[in-house]
Amino acid sequence: AQSVTQPDIHITVSEGASLELRCNYSYGATPYLFWYVQSPGQGLQLLLKYFSGDTLVQGIKGFEAEFKRSQSSFNLRKPSVHWSDAAEYFCAVAPSGYSTLTFGKGTMLLVSP
Amino acid sequence: DVKVTQSSRYLVKRTGEKVFLECVQDMDHENMFWYRQDPGLGLRLIYFSYDVKMKEKGDIPEGYSVSREKKERFSLILESASTNQTSMYLCASRPRDNPETQYFGPGTRLLVL
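Taken in order, these protein sequences are the chains called A and B. The numbering of the first sequence is my numbering, which starts it at 34 and goes up by one. The numbering of the second sequence is my numbering, which starts it at 999 and goes up by one.
Excised from the complex, chain B in its bound form:
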C-alpha cells in the first residue's frame, strides 16, 4: 500500500514562529502536493513539486514556502506563522506514470495562537 505520512497530527505554534510541516511518501512518487483545508472552502493547493528541487506555486502560496531536497520528502514552511494560517494541512503524492491517482496523508491540524 502507498503510504503518505505527515510528521504531526496536531501542532500548536505561536504567532511569528517558523513552522515546518513534513511529508514523506514511500512509493517513489515524482509529484507531491501541499493543500490546506478549511471548513466551507474545501481543499486549496498551496504548492506542488514535480521532482526533486522543483516547486510550483499553487492557488494560495502567500505566506508559505516549500522544500524538496529528496524525492520522498516535501516540506511546507511557514516563515512567520500567523493566526490566519490555522488550518488543516494535507500532503499528497502521485506517480508520474499514473498521475490520475493521488494519495493523501492523514493531515496536520495546525493551531496558531
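Looking at chain A on its own, in the form it has when it is part of the complex:
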C-alpha cells in the first residue's frame, strides 16, 4: 500500500520569504501526486497535481511542485509567501487516477509579518 510522509508538522515563514513544504511517498511505481490546501474553517482545495511528463508542475496561487523520482519526493514551493497563504497543506498520493487518495498528515504553515 502507498503511504505519504510530510515531515514537518508546522512551518513558520516570514511574509515575502520563499517556501518549501516537503512530501515523500512510498509506492512501487510513479503514483499520481497531489497537493491540497485547507484554509481555516474550509474544505480542501486542489493546488496542483502530477501524473507524468514535465516534473515541475505549476498550480494555482503561485505554487509549484517538483517530482523527483530518485528521492520519492514531491515538494511544494512558492517564491514569495503572502499572509493569506497561512493554512494547512496536505500532500496526497494515488496509484492511479481512479484510485482513492492517501493523504499525509499535513503541514501547518504560519506566516509571520
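Since the hints were derived computationally from the structure, they do not count as laboratory data. Just so you know, even glycine gets a beta-carbon here, dropped at the ideal spot from N, CA and C. Please note that the accuracy of each hint is not assured.
Short derived list, chain B residues pointing at chain A, Cβ under 8 Å [as the list claims (entries may be wrong)]:
#1 L1043
#2 S1047
#3 G1105
Following the hints, position chain B against chain A.
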C-alpha cells in the same frame, strides 16, 4: 463551479445517539467519499461510493455506515455515536471521466458528548 455541500457545519450529539451527516453535490459526479480529519492524523477515508447504491469500505469504516440512494447525495451514519467519533468530517466528490480532481465540502465538525 462545483459545489459540495454538507448539511451542518457544527453538530453536537450525545453518546449513543444515531447521527446522520448529509452531503450533496450538484455536478452529477459518480464518485463520492467520506473522510474524517483529526489533528496530527490528516484525512482518513471512511467509506466511498462509485455509484448509486454502491459502497466500499475505506481505511476506518468501523462504527460507521453509509447510504447512497440518489446520485447527488451521500450520507454518513453513526449508528451509536461515541466520544471517539468527535472529529471533523469531510465529504468529497469527483467525476468518473476526470477522476483526478476531487472536490471537497466545507466539513462538519461533530462533537459527541
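Against the structure, the hints come out as follows:
no., hint, result
1, L1043, "holds (6 Å)"
2, S1047, "violated (11 Å)"
3, G1105, "holds (6 Å)"
Hint 2 from the list above is the single one not met by this structure.
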